[in-house]
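So you can see what is in the structure, the chains are spelled out below.
2 protein chains.
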Amino acid sequence: MNFQEKLDTIVKKNNSLVCVGLDSYVNKIPEHLKTKENAVFEFNKAIIDATHDFVCAYKPNSAFYEANGDEGIRQLKMTFDYINKTYPEVITILDAKRADIGNTNNGYVKYAFDWLNADGITLHPYLGSEAMKPFLERADKASIILCRTSNKGAGEFQDFSSAEMSLYKFVAKKVAEEWNKNGNCLMVIGATYPEELAEVRKIAGDMTFLVPGIGAQGGDVEKTVKAGLNSKGAGMIINSSRGIIFAENPREEAKKLKDEINKYR
Amino acid sequence: MNFQEKLDTIVKKNNSLVCVGLDSYVNKIPEHLKTKENAVFEFNKAIIDATHDFVCAYKPNSAFYEANGDEGIRQLKMTFDYINKTYPEVITILDAKRADIGNTNNGYVKYAFDWLNADGITLHPYLGSEAMKPFLERADKASIILCRTSNKGAGEFQDFSSAEMSLYKFVAKKVAEEWNKNGNCLMVIGATYPEELAEVRKIAGDMTFLVPGIGAQGGDVEKTVKAGLNSKGAGMIINSSRGIIFAENPREEAKKLKDEINKYR
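Chains A and B, in that order, give the protein sequences. Residue numbering for the first sequence follows our numbering, beginning at 17 and increasing consecutively. Residue numbering for the second sequence follows our numbering, beginning at 17 and increasing consecutively.
Just so you know, not all the hints are guaranteed correct.
As the list makes no split between identical chains, a pair holds if one copy fits it or if it spans any two.
[Claimed, not checked] Calculated pairs, DSS-like style, for lysine-lysine (alpha carbon to alpha carbon, straight line, at most 30 Å):
1) K149 to K44
2) K190 to K44
3) K29 to K44
4) K189 to K44
5) K248 to K61
6) K190 to K93
7) K239 to K149
8) K93 to K44
9) K52 to K28
10) K197 to K168
11) K50 to K149
12) K248 to K28
13) K29 to K50
Keep in mind the hints are simulated off the structure, nothing from the lab.
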């Protein structure tokens with residue numbers, strides 16, 4: 017089963033496009049957990065157990081774990097292992113925003129796909145497809161390319177324009193038309209840019225988008241869903257991180273987001 | 017002492033623009049070391065001891081360590097600790113090619129600057145300066161922005177052009193004119209593109225460039241040095257990885273590269 021088949025299956029089973037972003041920085045987790053052994057993993061485990069039937073995916077961001085060095089990476093690995101063993105039907109994405117030259121990318125491929133056993137990884141486009149081959153050639157795993165990021169200053173380079181189009185659209189065109197030979201590409205489009213999301217949908221056919229920026233970052237659910245759905249009424253993995261994992265009741269928040277998204281599908 | 021002062025001091029002391037890229041993938045190190053405890057660190061330590069007076073910088077690439085999970089990261093930390101303790105005057109660069117949104121970049125800042133205590137880190141420009149503030153605001157550390165990468169397919173996006181200029185030049189202009197308020201920015205320009213290197217030199221004044229692509233990747237030393245020197249006869253950190261670390265005699269190779277570079281300064 018490839019990434020898209022696995023995603024379609026869990027989206028249908030849980031009737032959900034929700035991705036929970038496990039941005040579990042050790043300094044931010046509740047006091048009573050901090051003193052525990054493997055505190056970050058224990059925090060993640062509780063979130064995962066509470067939300068697994070309302071989501072299609074989990075997305076730990078590597079930065080929050082790297083902040084704690086090899087110890088953080090060890091607990092990131094425990095988190096992937098736990099999801100893969102306990103809820104193997106749920107998608108796992110390593111949000112790592114990597115990209116180096118070809119030879120070097122083999123290291124990141126090993127880290128993300130083989131050691132952590134993530135189903136997908138987020139990637140920068142800047143070095144071009146030739147450099148990204150080690151990722152793209154892994155037909156069993158998803159390469160999730162940054163197209164339009166959710167941050168306020170995203171346009172500094174992403175809106176840089178040729179006579180025909182802006183850079184983020186050029187990235188979308190390249191990924192949709194050339195990079196996706198194995199049907200394993202997705203793109204990142206921020207929920208904070210619904211107009212750009214609609215533009216990329218026109219370029220990318222039914223390709224699945226990873227959509228961050230809902231919740232703490234201010235993205236609007238209705239606008240996002242209406243702008244981003246594909247012809248099958250899906251095609252999006254909609255992420256919320258802080259809005260769910262640091263909520264008083266993560267299960268309730270995950271269900272609320274799932275239901276709100278489904279209202280507009 | 018900030019990054020540039022530290023760099024100027026070691027460049028003068030060792031009369032060298034050479035950076036050794038510690039791309040020490042565990043599967044590639046000699047058989048007799050592989051069975052040792054901390055084999056990758058021991059391999060690095062031998063290289064560092066053999067070359068420290070011929071270089072201005074060391075640049076481990078995070079990918080080769082991440083490939084080995086938390087264990088790899090532990091030995092990466094040992095490597096940084098060893099350089100910082102034994103040869104504290106030598107520059108250390110974490111080649112990690114990171115970049116996320118602002119909030120998340122704090123994790124990478126902590127990983128690279130505080131935990132590993134690297135003097136600088138390589139960064140993707142795609143998200144723009146607003147996202148990169150956590151790096152840029154660390155005036156004591158260097159933000160080394162990808163401008164023109166050394167790989168064959170670098171032009172796919174980097175040559176995307178507006179009416180005025182191509183993207184890599186636009187990145188160079190932004191970094192030189194707007195990102196460098198703290199005087200802590202450098203740019204990555206591949207030795208495989210000497211013409212582009214000369215173009216960026218015109219844009220960036222005396223800014224220091226990190227120049228990979230010498231050696232195994234085929235960059236020419238004479239062309240690179242002539243195209244890239246700044247008005248002070250320096251302004252480049254010229255990296256060789258495989259050409260030095262997997263050579264029979266790394267000390268000899270480092271000295272040879274140092275001398276060859278100095279011939280054209």
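At 30 Å max between alpha carbons, let me know whether K248 reaches K61 within a copy, between copies, both or neither. Neither way: K248 and K61 sit 32 Å apart in one copy and 56 Å across, limit 30 Å.
Given identical chains, is K190 near K93, meaning Cα to Cα at most 30 Å, within a copy, between copies, both, or neither? neither (33 Å within a copy, 38 Å between copies)
When no copy is named, should K52 and K28 be tagged within, between, both, or neither for a Cα gap of at most 30 Å? neither (36 Å within a copy, 50 Å between copies)
Copy assignment of K189 with K44, given that the CA separation must stay at most 30 Å: This pair counts as neither: shortest intra-copy Cα distance 39 Å, inter-copy 38 Å.
Alpha-carbon proximity context of K29 and K50, limit 30 Å: neither (34 Å within a copy, 47 Å between copies)
Alpha-carbon proximity context of K29 and K44, limit 30 Å: neither (32 Å within a copy, 45 Å between copies)
Could you figure out if K93 and K44 sit no more than 30 Å apart (CA to CA) within one copy, between two copies, both or neither? Answer is both; intra-copy 19 Å and inter-copy 24 Å each pass.
Copy assignment of K149 with K44, given that the CA separation must stay at most 30 Å: between (37 Å within a copy, 21 Å between copies)
Check K239 against K149 for me: Cα-Cα at most 30 Å, and say if that holds within a copy, between copies, both or neither. between (34 Å within a copy, 29 Å between copies)
Can you give me the call for K190 and K44, within, between, both or neither, at a CA distance of at most 30 Å? The answer is neither: 39 Å in one copy and 34 Å across copies each exceed 30 Å.
Within, between, both or neither: K197, K168 at alpha-carbon 30 Å: between (32 Å within a copy, 20 Å between copies)
Measure nothing new, just compare the shortest in-copy and cross-copy C-alpha distances for K50 and K149 to 30 Å and report within, between, both or neither. Only across copies: K50 and K149 sit 29 Å apart there, 40 Å inside one copy, limit 30 Å.
Going down the numbered hints, you'll see the structure goes against 2, 3, 4, 5, 6, 9, 13, while the others check out.
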